[in-house]
Amino acid sequence: MRLVNLAKVSRFFTLGQSRVCALNQIDLAVDKGEFLVLKGASGSGKSTLLNLIGAMDEADEGEIAIAGKALGPMSDRQKSHVRRDHIGFIFQSFNLLPVLTALENVQYPLSLRTGGKAAGASSHKENKAKALVALERVGLADFVNHKPNQLSGGQMQRVAIARALVTEPDIILADEPTANLDSENAQSIMALMKQLNRQGITFIFATHHDYVLEQASRVIELRDGCILQDKQRVAA
Amino acid sequence: MLSINFFRYKIALLNVLRNRRRSLITLLSIQIGVVSLILFGGFVASMYEGMRENMIRSQLGHLQIYQAGFNQYGHIEPEKYLLIQEQVQQVSDLVSGLAEVELLTPRLDFSGLITNGNQSVAVVGNGIDPDKEALLSSAITLIEGEDLFPEDQAGALVGQGLYNALNANIGDYLTLLASTADGAVNAVDVQIVGAINTGTREVDNRLLRINLSHAQDLQFTQGVSRLVVLLKDTAQTQIVMDKLSQLFEQEGLTLEMRSWSQLADYYHEVVNLFDGVFGFLKIIVLFIAALSIANTMMMAVMERTPEIGSIRALGATRHEVMMLFLTEASYLGLFGSALGVLLGIFMANSITLAEFIMPTPPGSSQSYPIRIFVEWTVVWQTALTGVLVAVLASIYPAFKASRLLINQAMRSA
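Sequence order for the protein chains is C and H.
Here the first sequence stands for residues 1 to 236, where the numbers follow my numbering.
Here the second sequence stands for residues 1 to 413, where the numbers follow my numbering.
Check each hint, because a few of them may be wrong.
As the list claims (entries may be wrong) - In silico lysine-lysine, BS3-like type, Cα no more than 27 Å apart, as pairs:
id : chain 1 : residue 1 : chain 2 : residue 2
1  : H       : Lys282    : C       : Lys130
2  : C       : Lys147    : H       : Lys10
3  : C       : Lys147    : C       : Lys128
4  : C       : Lys128    : H       : Lys10
Hints in this document: simulated from the structure, not taken from any laboratory.
Owing to the predicted nature of the structure, the values given are computational and were not obtained by experimental measurement.
Could you put the whole structure together from the sequences, leaning on the hints where they help?
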């Protein structure tokens with residue numbers, strides 16, 4: 001099943017008076033269950049590509065479709081709904097809301113989903129139960145009431161993974177998810193994500209860490225906004 | 001909607017509590033604004049009430065009843081528009097049946113000259129029923145001497161300014177000259193029994209009050225210029241006016257009536273002036289509070305740009321982001337207004353209890369203690385305005401937050 005489809009996608013940025021091509025005529029298709037890694041040097045276009053797939057930025061040229069829905073003609077509100085319903089995000093800096101507990105951070109995306117409908121106390125309870133299950137899946141059942149500042153880097157990233165998982169998205173986008181972690185925590189987080197991938201969740205990573213590459217089922221190397229190499233591999 | 005609201009309200013509240021010092025400063029600015037408006041509004045209300053009751057209980061009464069045509073032509077030919085004894089009796093009978101009425105008293109107006117032999121001063125005089133006027137004119141204070149009694153046939157109360165101008169003493173006899181009802185000139189002797197203060201300097205410089213019968217003798221008439229009605233409660237003025245109009249119509253009496261409000265031009269001028277001042281002050285105070293709130297919210301948006309990016313990435317719409325910031329502003333407005341209301345009420349009562357004396361106002365001859373009413377209309381309107389201003393002042397920062405580009409907002413972490 002095709003989850004992501006990019007056709008001739010380009011993205012330009014203006015720096016001063018010059019126009020920089022961040023992505024140039026990219027064609028990319030990602031199927032369900034892939035564990036895809038985007039690698040490349042800084043400025044190669046990895047994050048730009050993730051932003052476009054995540055409906056957080058707009059392509060200057062080409063077409064992008066997520067779960068069969070073309071993003072181009074969508075309003076900002078519709079794109080928000082695509083992010084909410086189809087995509088989970090894991091960020092390098094975790095990006096948890098500091099005022100909420102771990103449980104509430106995980107519950108928050110669910111509240112965005114149910115809030116627009118006629119949600120009541122029962123859905124609030126259901127959301128809480130789902131968030132608890134997600135935290136259990138990442139091994140943080142004992143930290144539900146901890147605020148982000150009471151958690152280690154590895155724990156915060158696990159909360160972020162639980163938050164990405166909880167809405168049962170079609171795809172999870174992870175931008176350098178292990179960059180702010182020590183190697184032990186990074187390995188542990190990668191093992192967790194690989195385990196989730198085996199359960200059917202599709203991952204797209206942007207990274208340049210070798211231990212992430214080792215887990216990948218497919219590696220795409222970017223250079224100067226172009227796909228240099230697209231290689232299927234047998235994951236470790 | 002409980003689920004989303006629960007989180008929005010919770011996040012907004014926690015964000016308000018997050019930067020406590022800044023939130024406290026913002027709350028303080030709202031609070032100061034609300035307190036100022038409650039105190040000023042309460043002070044103005046007490047001033048209005050004081051002035052209104054002073055006018056009613058020193059000069060006007062709540063209602064005045066005249067012969068038909070008096071208000072249009074009476075100032076040219078007053079003698080032709082006097083109420084005759086029969087009418088006075090009829091009106092008295094009708095008015096005495098109304099439970100809202102405290103008393104009804106006749107007055108006969110005249111103008112003339114009073115002389116002590118050396119100098120003459122123009123006066124505006126009233127012939128009064130001293131017993132009833134003692135109740136009606138309770139706001140008039142006796143400065144020197146004693147009050148006027150019915151048995152003081154030649155007795156006279158003079159305004160403080162007039163008393164000083166005549167350089168007279170209590171007990172002195174003066175000569176009063178005035179026109180009679182048929183146009184001749186008549187003179188009577190009056191003996192000063194007291195000097196009075198009505199609270200209005202212009203009135204005190206010309207006022208002379210004598211017994212009604214003495215004034216009638218002076219003018220060769222049995223009539224009166226007006227009947228002044230005092231009510232138990234000022235708020236009942238219009239009700240009583242309506243009832244009396246109906247009764248006069250039923251009885252075939254062709255009379256005119258004026259309420260204190262129709263007679264008190266000066267009161268309305270002052271009210272209009274102070275309403276304008278209050279409105280202007282309100283705008284300034286609210287503008288300052290709005291600036292403080294807008295500044296706080298802009299700083300919050302700048303500080304929390306990465307967070308805004310995060311919640312947008314998680315699927316929050318622009319509307320949801322905007323509502324989040326407006327909810328924070330509502331909390332600031334609510335807390336600030338609530339604290340302001342409590343402090344305002346406390347300060348209003350404290351200042352009233354302390355009885356600080358105000359300097360004598362222009363045109364008045366009496367100083368008075370500051371009273372600040374807790375005007376509930378002002379209180380709830382000010383509190384509501386505080387919340388509204390907080391929300392309105394946050395619309396632009398909230399809009400800016402909702403329009404942040406997600407990828408750029410995330411990068412500013």
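Verification of the supplied hints:
no., hint, verdict
1, Lys282/H to Lys130/C, "51 Å, violated"
2, Lys147/C to Lys10/H, "14 Å, holds"
3, Lys147/C to Lys128/C, "16 Å, holds"
4, Lys128/C to Lys10/H, "15 Å, holds"
Consistency with the previously given hints fails for number 1 only.
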